[in-house]
Amino acid sequence: MAYYPQIFNSILARVGDVDDARDICQEVFIILYEKFDSVNNVRSWLYGTLKNVVYRYYAAKNRNIDNIDELFDSAGLAFTNGFRDTRIIINEAIERIGCSDDERIILDLIARHNFSYANVAKILGLTRRQVEYKYGQLVNCILTCLKEKGIIDIAELL
Amino acid sequence: MNGTVEQFKLLLEKYKLLEPVSLEQQDYIIQQRQADLQALLKKIGRYGVIFWLSILIYSGLKKFGITVTLIQSKIILGITAITIASGSGAGVYTGTKYIIKVLTKPKSEVEEKIEKQEDEHINSIEKKSAQIMPSEVKKIENKATVTKDVQAEKKIENNDKKDKDAGGKKKRRHEVESEPVSDVPTL
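Order-wise, the sequence lines are chains A and B.
First residue of the first sequence? That's 51 in our numbering, and the numbers climb one at a time after it.
First residue of the second sequence? That's 848 in our numbering, and the numbers climb one at a time after it.
The set of hints was computed from the structure by calculation and includes no laboratory data.
Since we're looking at a predicted model, the values are computed, not measured.
A virtual CB, placed ideally from N, CA and C, is assigned to each residue, including glycine.
Worth double-checking, as some hints may not be accurate.
Here are the computed lysine-lysine pairs in the DSBU-like style, where the Cα-Cα straight-line distance is at most 35 Å [claimed, not checked]:
id	chain 1	residue 1	chain 2	residue 2
1	B	Lys890	A	Lys111
2	B	Lys863	B	Lys921
3	A	Lys111	B	Lys1001
4	B	Lys1011	B	Lys1001
5	B	Lys1011	A	Lys85
6	B	Lys890	A	Lys197
7	B	Lys910	A	Lys111
Computed footprint of chain B on chain A; a stretch qualifies when at least three of its residues, placed anywhere within it, have a C-beta under 8 Å from a C-beta of chain B [unchecked claim]:
id	segment
8	93-104
9	156-166
Every beta carbon over 12 Å from chain A, so not counted as near; a handful from chain B, in silico [said to hold, decoys possible]:
id	residue
10	Glu853
11	Lys863
12	Pro867
13	Leu888
14	Gly907
15	Leu908
16	Thr927
17	Ile929
18	Val949
19	Leu950
20	Asn970
21	Glu1004
22	Gly1014
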């Protein structure tokens, strides 16, 4: 259930309606429960299933499915601000750093979903200081990863 | 560190890698988590006391920094249930044993009997002493009068003796004085 907030947020960002987001989220977790033994990486599996369930939701609502790819804005496909390669590099750095499940949740919730430290602490059952410290450590890891890829100072990218 | 965190946030904003959620929505999600989990479990058909308790153990241990899986928390629940059951069983057993012990003992009635016996014994002793007392008192009084008489007699006898002794001495002196002194030594 630790992944619940970030999956819910991802769905809500795409669907826009809280009740629909709840239903879709529940559906995703029910499928996860049914296939739990065969799932290796829960996080990536959840995001993959989320995409399929949202597709089905749009199909059921007779919405325009042609534009649905825009909802799942893949870093590899999107051309944002004219810096597609940089975007891919940053996204890879975020995705590939070696960290635990809890640290991944902290990173996703704070960095991507703009959650406050206090709220993440509530979700994970940690203290605010612990979350803040861990997030700082994760950011440092990402920056070293970017350095390895040739980006010495992130101020250059801003 | 704060500087790098802020820069990283700006970087994500610039390259649109964010899916921001408002604070209201954050609070809503946190509040709804438990209710959603409940609804989810009901839909699956796994909503029950055992599952709920294992989730409580799971979240409780996580608060203390101990991460366990749901299966492990179920095992912990089973072990605690067994220990509680065995402990309560042992408690009930000792309790019933104690009650049986208390019930089989000759209890308060016996104690009353003992008290009665003791009272009777005390009363009998008092009665006996009361029966004995007057005769003894008479005896003692008799003894006292006898001793008084004896003492009075002894006093009189002593006085007589003294008088006799005094009289004898005087007689002897008189005899000695009246006897003629001879020159012949006596044998």
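Here is what the structure says about each hint:
For a cut-off of 35 Å, the pair hint linking Lys890/B to Lys111/A stands: about 23 Å separates their Cα positions. Our distance criterion of 35 Å between C-alpha atoms is broken by Lys863/B and Lys921/B, whose separation comes to about 42 Å. Restraint check for Lys111/A and Lys1001/B: the C-alpha separation of about 144 Å exceeds 35 Å, so the hint is violated. Our distance criterion of 35 Å between C-alpha atoms is met by Lys1011/B and Lys1001/B, whose separation comes to about 15 Å.
In summary, the hint linking Lys1011/B to Lys85/A is not supported, as the alpha carbons are separated by about 143 Å, beyond the 35 Å threshold. For the given pair, Lys890/B sits about 48 Å from Lys197/A by alpha-carbon distance, which is inconsistent with the 35 Å threshold. Straight-line distance between C-alpha atoms of Lys910/B and Lys111/A comes to about 41 Å, which puts the hinted pair past the 35 Å bound. For the segment 93-104 of chain A, the assignment as covered by chain B is violated, since 0 residues bring a beta-carbon within under 8 Å of that chain's beta-carbons and 3 are needed.
Figure legend: the segment 156-166 of chain A, annotated as covered by chain B; annotation consistent (6 residues with Cβ-Cβ distances under 8 Å, at least 3 required). Non-interface call for Glu853/B relative to chain A: violated, since the shortest CB-CB distance, roughly 10 Å, does not exceed 12 Å. A beta-carbon of chain A comes within 12 Å of the beta-carbon of Lys863/B; the shortest separation is about 5 Å. At the 12 Å boundary, the C-beta of Pro867/B falls inside the reach of chain A, the nearest C-beta of that chain being 4 Å off.
The beta carbon of Leu888/B sits about 9 Å from the closest Cβ of chain A, which is not more than 12 Å, so the claim that it is off the interface is violated. A beta-carbon of chain A comes within 12 Å of the beta-carbon of Gly907/B; the shortest separation is about 9 Å. The claim that Leu908/B is not at the interface with chain A is violated, since a C-beta of that chain comes within 12 Å of its own (minimum 9 Å). With a least CB separation of 20 Å from chain A, Thr927/B remains clear of the 12 Å interface cut-off, as annotated.
Every CB of chain A lies more than 12 Å from the CB of Ile929/B, the least distance being 27 Å, so the non-interface label holds. For Val949/B, the shortest C-beta to C-beta distance to chain A comes to about 49 Å, beyond the 12 Å cut-off, and the non-interface label holds. With a least beta-carbon separation of about 52 Å from chain A, Leu950/B lies farther than 12 Å from that chain, consistent with its non-interface assignment. Asn970/B, annotated as away from the interface, keeps every beta carbon of chain A farther than 12 Å; the closest lies near 77 Å.
Non-interface call for Glu1004/B relative to chain A: holds, since the shortest CB-CB distance, roughly 116 Å, exceeds 12 Å. Separation of Gly1014/B from chain A is adequate, the least Cβ-Cβ distance of about 127 Å exceeding the 12 Å criterion.
Checked against the numbered hints listed earlier, the structure breaks hints 2, 3, 5, 6, 7, 8, 10, 11, 12, 13, 14, 15; every other hint is satisfied.
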